[in-house]
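The sequence shown runs 789 to 1063 under the working numbering.
It should be emphasised that the hints constitute simulated quantities derived from the structure, not laboratory data.
Remember, it's a predicted structure, so these values are computed and weren't measured experimentally.
Glycine included, every Cβ here is placed at the ideal spot set by N, Cα and C.
Honestly, I wouldn't trust all of these hints.
Here are the simulated lysine-lysine pairs, DSS-like style, with alpha carbons at most 27 Å apart [said to hold, decoys possible]:
no.: 1; residue 1: 848; residue 2: 902
no.: 2; residue 1: 858; residue 2: 848
no.: 3; residue 1: 902; residue 2: 858
The following label-pair restraints were derived from C-beta to C-beta distances [unchecked claim]:
no.: 4; residue 1: 852; residue 2: 985; range: 21 to 31 Å
no.: 5; residue 1: 852; residue 2: 825; range: 43 to 53 Å
no.: 6; residue 1: 1013; residue 2: 925; range: 18 to 28 Å
no.: 7; residue 1: 869; residue 2: 1018; range: 35 to 45 Å
no.: 8; residue 1: 903; residue 2: 822; range: 41 to 51 Å
no.: 9; residue 1: 981; residue 2: 814; range: 22 to 32 Å
no.: 10; residue 1: 1036; residue 2: 924; range: 31 to 41 Å
no.: 11; residue 1: 824; residue 2: 925; range: 20 to 30 Å
no.: 12; residue 1: 930; residue 2: 820; range: 16 to 26 Å
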Amino acid sequence: MKKSLIALAALASVAGVAQAQSSVSIYGVLDASEYTTSNNGNRLTSFNSKAVATSRLGFKGTEDLGSGLKANFAIEEEVSLITGGQGSTTTGANSATNGSTFNRAANVGLESNKFGTVTLGRQAAPIYAAAVANDALGINSFGLINYYVAGHNQGANLVTGSAATTVGAQTVIVATGTVAGLYNAGVGYASPVWNGFQAKLFTTPSARTSSATAGDAGEQQQAVLAWSGNGLNLTAATGHQKLVAGTPGQTEQLYGANYTYGPVKATVALNQVRY
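Please model the complete structure; the sequences and the hints are all you need to start from.
Below, the structure written as structure tokens:
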């Protein structure tokens, strides 16, 4: 019965969007730069497709189904201004290596004014979205977002045994597969906002079998509680994910607070990941 209900929800979303061409919006960012870095006398000059923000293209839409119910969808891909193709290293999902196209979002959902929103498919994990919301600058190159992506990328590759490569005199951990904790396929829920409070839940079930070697890699659960009011935003989040089948995996906590006053935004955040 539960499987049938989820399938019907997904089909309802697709059907609703198909009939609502006027509700579809196109958005994105194109970021290009030429840059030079120096490390112990080694200089590297190169072209970059995501110096400040990841180049990306997305489509999203909403259809009012009546009685306070809406169907929605979102598909979003990263774009390389170097190759002209899809994908980049931000999420570790590169179209050249694994055929990924809409690597940032590919989902459908149902939204209720009273009960909240359920989203099925690939989407930004709630803790990553909370990290973005708590970054003072909201860009890739500095601050919390940069730490979050780099930290999860390095940790995930160390756990899974991915090799490093050398660029000049710098050793760089190479991204392979999907960076843990950023964009994942699963079921997400966002509650309505009550007195400034909103809760978000996310789960990615593993492909378990009854055998003794059942795999549980990729299994993930996250929960976020946020409050906003009078320019102040508070966030508390926790999560757990298994990177390798049969291992304890990783746990994560994020606590953030930011305050906006006119053109000034002050923020403090703590993100801790344990493997």
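Cross-check of the supplied hints:
| no. | hint | result |
| --- | --- | --- |
| 1 | 848 / 902 | holds, 22 Å |
| 2 | 858 / 848 | holds, 13 Å |
| 3 | 902 / 858 | holds, 12 Å |
| 4 | 852 / 985: 21 to 31 Å | holds, 26 Å |
| 5 | 852 / 825: 43 to 53 Å | holds, 50 Å |
| 6 | 1013 / 925: 18 to 28 Å | holds, 24 Å |
| 7 | 869 / 1018: 35 to 45 Å | holds, 40 Å |
| 8 | 903 / 822: 41 to 51 Å | holds, 50 Å |
| 9 | 981 / 814: 22 to 32 Å | holds, 27 Å |
| 10 | 1036 / 924: 31 to 41 Å | holds, 33 Å |
| 11 | 824 / 925: 20 to 30 Å | holds, 22 Å |
| 12 | 930 / 820: 16 to 26 Å | holds, 18 Å |
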